[in-house]
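Listed here are the chains, written in short residue letters.
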Amino acid sequence: DAGVIQSPRHEVTEMGQEVTLRCKPISGHNSLFWYRQTMMRGLELLIYFNNNVPIDDSGMPEDRFSAKMPNASFSTLKIQPSEPRDSAVYFCASTFRSGGAGGTDTQYFGPGTRLTVL
Amino acid sequence: SQQGEEDPQALSIQEGENATMNCSYKTSINNLQWYRQNSGRGLVHLILIRSNEREKHSGRLRVTLDTSKKSSSLLITASRAADTASYFCATAKYNNNDMRFGAGTRLTVKP
Numbered sequence: 001d002a003g004v005i006q007s008p009r010h011e012v013t014e015m016g017q018e019v020t021l022r023c024k025p026i027s028g029h030n031s032l033f034w035y036r037q038t039m040m041r042g043l044e045l046l047i048y049f050n051n052n053v054p055i056d057d058s059g060m061p062e063d064r065f066s067a068k069m070p071n072a073s074f075s076t077l078k079i080q081p082s083e084p085r086d087s088a089v090y091f092c093a094s095t096f097r098s099g100g101a102g103g104t105d106t107q108y109f110g111p112g113t114r115l116t117v118l
Numbered sequence: 001s002q003q004g005e006e007d008p009q010a011l012s013i014q015e016g017e018n019a020t021m022n023c024s025y026k027t028s029i030n031n032l033q034w035y036r037q038n039s040g041r042g043l044v045h046l047i048l049i050r051s052n053e054r055e056k057h058s059g060r061l062r063v064t065l066d067t068s069k070k071s072s073s074l075l076i077t078a079s080r081a082a083d084t085a086s087y088f089c090a091t092a093k094y095n096n097n098d099m100r101f102g103a104g105t106r107l108t109v110k111p
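Residue numbers (my numbering), protein chains in the order written: chain A, 1 to 118; chain B, 1 to 111.
If you are wondering where the hints come from, they were derived from the structure by calculation, not from laboratory data. You may find that some hints are simply not true.
Unchecked claim - The calculated DMTMM-like cross-link candidates involving lysine to aspartate or glutamate, where the alpha carbons are at most 20 Å apart (straight line), are:
| id | chain 1 | residue 1 | chain 2 | residue 2 |
| --- | --- | --- | --- | --- |
| 1 | B | LYS69 | B | GLU53 |
| 2 | B | LYS93 | A | ASP56 |
| 3 | B | LYS93 | A | GLU44 |
| 4 | B | LYS69 | B | GLU17 |
| 5 | B | LYS93 | A | ASP57 |
| 6 | B | LYS70 | B | GLU5 |
| 7 | A | LYS68 | A | GLU44 |
| 8 | B | LYS26 | A | GLU44 |
| 9 | A | LYS24 | A | ASP105 |
| 10 | B | LYS26 | B | GLU15 |
| 11 | B | LYS56 | A | ASP57 |
| 12 | A | LYS78 | A | GLU62 |
| 13 | A | LYS78 | A | ASP105 |
| 14 | B | LYS69 | B | GLU55 |
| 15 | B | LYS93 | A | GLU62 |
| 16 | A | LYS24 | A | GLU14 |
| 17 | A | LYS68 | A | ASP56 |
| 18 | B | LYS56 | B | ASP83 |
Could you build all of it, start to finish, from the sequences and the hints given here?
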C-alpha cells in the first residue's frame with residue numbers, strides 16, 4: 001500500500017493567493033483528518049470526515065479555510081485568501097473506523113505539505 | 001481540555017540508556033496512543049492502550065496508563081540513535097471520534 005498521499009509536498013505562495021492542498025487516503029479507510037502543525041501551536045485538528053461527510057470542523061480557524069471530500073479517495077483543503085500566518089505543515093491522516101462506541105482507531109499520516117505564505 | 005500534555009519537553013540521553021516520557025490529560029478517555037515523528041516527516045503510530053488496560057508492550061516500548069491519575073508513560077529501553085525523534089501522546093474521548101495531540105517530547109539519543 002502506498003500510504004496516505006499528499007500533494008504538493010511544498011508550496012510557496014504570496015499573501016492573498018488561493019492554496020489547495022490535496023490528500024489521497026489509504027484505500028479502504030473511511031475516516032480522514034486534516035491537521036496543521038506549527039512550532040507555536042503544535043499539532044491541531046482542523047476537520048475530519050467519516051464516510052466522506054464532514055463531522056467536526058470546529059478546528060478550522062476561519063472562513064478562509066474550507067475542506068471537501070467528494071469521494072472516498074480524495075480530499076482537498078483550500079485556503080482563500082492565504083495569509084502569512086497560515087504558514088505551517090499540513091498533514092492528512094486516514095483510518096478505518098470500526099464502528100460502534102469504540103472510539104478512535106490508529107491514524108495513518110501522510111508526509112505533509114509544507115506551506116509558506118510570503 | 002482533552003488534549004494530552006507531554007513531559008519533559010526535551011530529553012537527551014546516551015545510546016543504550018532508557019528513555020521515559022510522560023503524558024497527562026484532563027478528561028476521561030477511551031484510549032491513548034503514542035506516535036513518533038521524525039524531523040520533516042509525518043507521524044507514525046507506535047502503540048495504543050485502551051482505558052481498561054494498565055500496561056502494554058511492543059518490542060522495546062512499554063506503555064503504562066493510570067486512569068485515576070489521568071497519566072501515561074512511554075518507556076523506550078536500550079535506546080538507539082535512530083530513536084531520535086519527537087514523541088506525541090494522543091487521547092481519544094469515549095464516543096467521540098477525534099484525537100487530540102499533545103505538544104510532544106523531543107528525544108535526542110546520542111551515539
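Here is what the structure says about each hint:
1. LYS69(B) with GLU53(B): holds (14 Å)
2. LYS93(B) with ASP56(A): holds (14 Å)
3. LYS93(B) with GLU44(A): holds (16 Å)
4. LYS69(B) with GLU17(B): violated (27 Å)
5. LYS93(B) with ASP57(A): Judged against 20 Å, a Cα distance of about 17 Å means the pair holds.
6. LYS70(B) with GLU5(B): holds (11 Å)
7. LYS68(A) with GLU44(A): holds (18 Å)
8. LYS26(B) with GLU44(A): holds (17 Å)
9. LYS24(A) with ASP105(A): Holds: LYS24(A) and ASP105(A) sit about 18 Å apart, inside 20 Å.
10. LYS26(B) with GLU15(B): Violated, at about 33 Å.
11. LYS56(B) with ASP57(A): violated (33 Å)
12. LYS78(A) with GLU62(A): Answer holds: LYS78(A) to GLU62(A) is near 11 Å, not above 20 Å.
13. LYS78(A) with ASP105(A): violated (26 Å)
14. LYS69(B) with GLU55(B): holds (14 Å)
15. LYS93(B) with GLU62(A): At roughly 25 Å apart (the allowed maximum being 20 Å), GLU62(A) and LYS93(B) break the hint.
16. LYS24(A) with GLU14(A): violated (26 Å)
17. LYS68(A) with ASP56(A): holds (12 Å)
18. LYS56(B) with ASP83(B): Satisfied, since the Cα-Cα distance of roughly 19 Å is no more than 20 Å.
The structure fails to meet hints 4, 10, 11, 13, 15 and 16 from the earlier list, while all remaining hints are met.
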